[in-house]
Amino acid sequence: MSSTFETVANIIAETCDIPRENITPESHAIDDLGIDSLDFLDIAFAIDKAFGIKLPLESWTQEVNEGKATTEQYFVLKNLCARIDELIAAKSA
Amino acid sequence: MRLEYFQMVDKVLALDLEARTLRTANTVPDKSPIFEGHFPGHPLLPGVLLFEIMAQSCGMLLLRLHNYDRMAFLASVDKGKLRTFVTPGQVIEVFAEMVHDGSGFARLKAEGRVEGKLVCNAEVTLKTMPFPAPELRGYLLETAERIGMPMDAPAELGSSAPASAGNLTHV
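These protein sequence lines map, in sequence, to chains A and B.
My numbering numbers the first residue of the first sequence as 1 and each following residue consecutively.
My numbering numbers the first residue of the second sequence as 1001 and each following residue consecutively.
The following block holds chain A by itself, in its conformation from the complex (with noise of 0.2 Å):
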């Protein structure tokens, strides 16, 4: 997770001008870091890229909408790089 965590602090600080040392595990991307839809699509594009993945934003929103999922699950740095981890273990599955 920690080189997960690395690339994707890197990518926020990058697309969205934060400073680094802001950006830890615990950050909620949306809550903590500000970060809006628009900039959020930026950055799945970056980790998607990154990464070789897809996030599936879609499903994850709808799920946070219909209350099935919190946004934490999915936009807390530490969650959002599990989730990543996941993604890859599949494609390498």
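The set of hints was computed from the structure by calculation and includes no laboratory data.
Careful: at least some of the hints might be erroneous.
Okay, the calculated beta carbon distance ranges per label pair [claimed, not checked]: (1) A:Glu14 - B:Leu1017: 31 to 37 Å; (2) A:Glu66 - B:His1042: 51 to 57 Å; (3) A:Thr70 - B:Glu1115: 51 to 57 Å; (4) B:Pro1150 - A:Glu14: 37 to 43 Å; (5) B:Glu1004 - A:Ala90: 45 to 51 Å; (6) A:Ser3 - B:Met1151: 42 to 48 Å; (7) B:Phe1006 - A:Asp31: 35 to 41 Å; (8) A:Glu72 - B:Gly1041: 57 to 63 Å; (9) B:Lys1079 - A:Lys91: 26 to 32 Å; (10) B:Val1099 - A:Asp36: 18 to 24 Å; (11) A:Ala69 - B:Asp1078: 29 to 35 Å.
Backbone N, C-alpha and C fix where the C-beta goes; we use that ideal spot for every residue, glycine too.
Assemble chain B onto chain A, guided by the hints.
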């Protein structure tokens, strides 16, 4: 093109489903109320409409790649360049290329040329979602027919997004 109706794409020149590219031809009308103000004595196609032509060409490609099962909306334009004036009567040939088809969004590149000369280019991000109204899908299918979009072979969707989707703006 019919500027007042925002019908910017006139004709499909080539579609390559495997390479995920589209070429369109788009003729700037000789007359339009837009030219009365932009500018008197020096009519120019507004630069924002060059971005719209590129965005619509990208959208036509994306819709075709998804077999018209979802709608695309312009989300952002990056690295946009307006390189020279475009005037009434000129034909803009747009080349659109899919860069990444993500979940709920897509990133594409587009460039416009007049007589082979590059006049504009940009990276376009489109947000995608199920059609919010059935008549919109019908309108776009009519548009596909009007511009001569090849519809004979279905596109391979690959790892496409689920049919139902939420809206990122609600998060």
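Against the structure, the hints:
1. Taking the beta carbon of each, Glu14 of chain A and Leu1017 of chain B are about 33 Å apart, inside 31 to 37 Å as hinted.
2. The hint said 51 to 57 Å for the Cβ distance between Glu66 of chain A and His1042 of chain B, and at roughly 54 Å that hint holds.
3. The hinted range of 51 to 57 Å is satisfied by Thr70 of chain A and Glu1115 of chain B, whose Cβ atoms lie roughly 56 Å apart.
4. A beta carbon spacing of about 39 Å between Pro1150 of chain B and Glu14 of chain A agrees with the range 37 to 43 Å that was offered as a hint.
5. The supplied range of 45 to 51 Å is met by Glu1004 of chain B and Ala90 of chain A, whose beta-carbon atoms lie about 49 Å from each other.
6. At about 45 Å, the CB distance of Ser3 of chain A to Met1151 of chain B agrees with the hint of 42 to 48 Å.
7. Against the hinted window of 35 to 41 Å, the Cβ-Cβ separation of Phe1006 of chain B and Asp31 of chain A comes to about 37 Å, which satisfies the hint.
8. The hinted range of 57 to 63 Å is satisfied by Glu72 of chain A and Gly1041 of chain B, whose Cβ atoms lie roughly 60 Å apart.
9. At roughly 29 Å, the beta carbons of Lys1079 of chain B and Lys91 of chain A sit within the given window of 26 to 32 Å.
10. For the hinted restraint 18 to 24 Å between Val1099 of chain B and Asp36 of chain A, the CB-CB distance of approximately 22 Å keeps it satisfied.
11. Evaluation of the 29 to 35 Å hint for Ala69 of chain A and Asp1078 of chain B yields a pass: the beta carbon distance comes to about 30 Å.
The earlier numbered hints are all upheld by this structure, with none contradicted.
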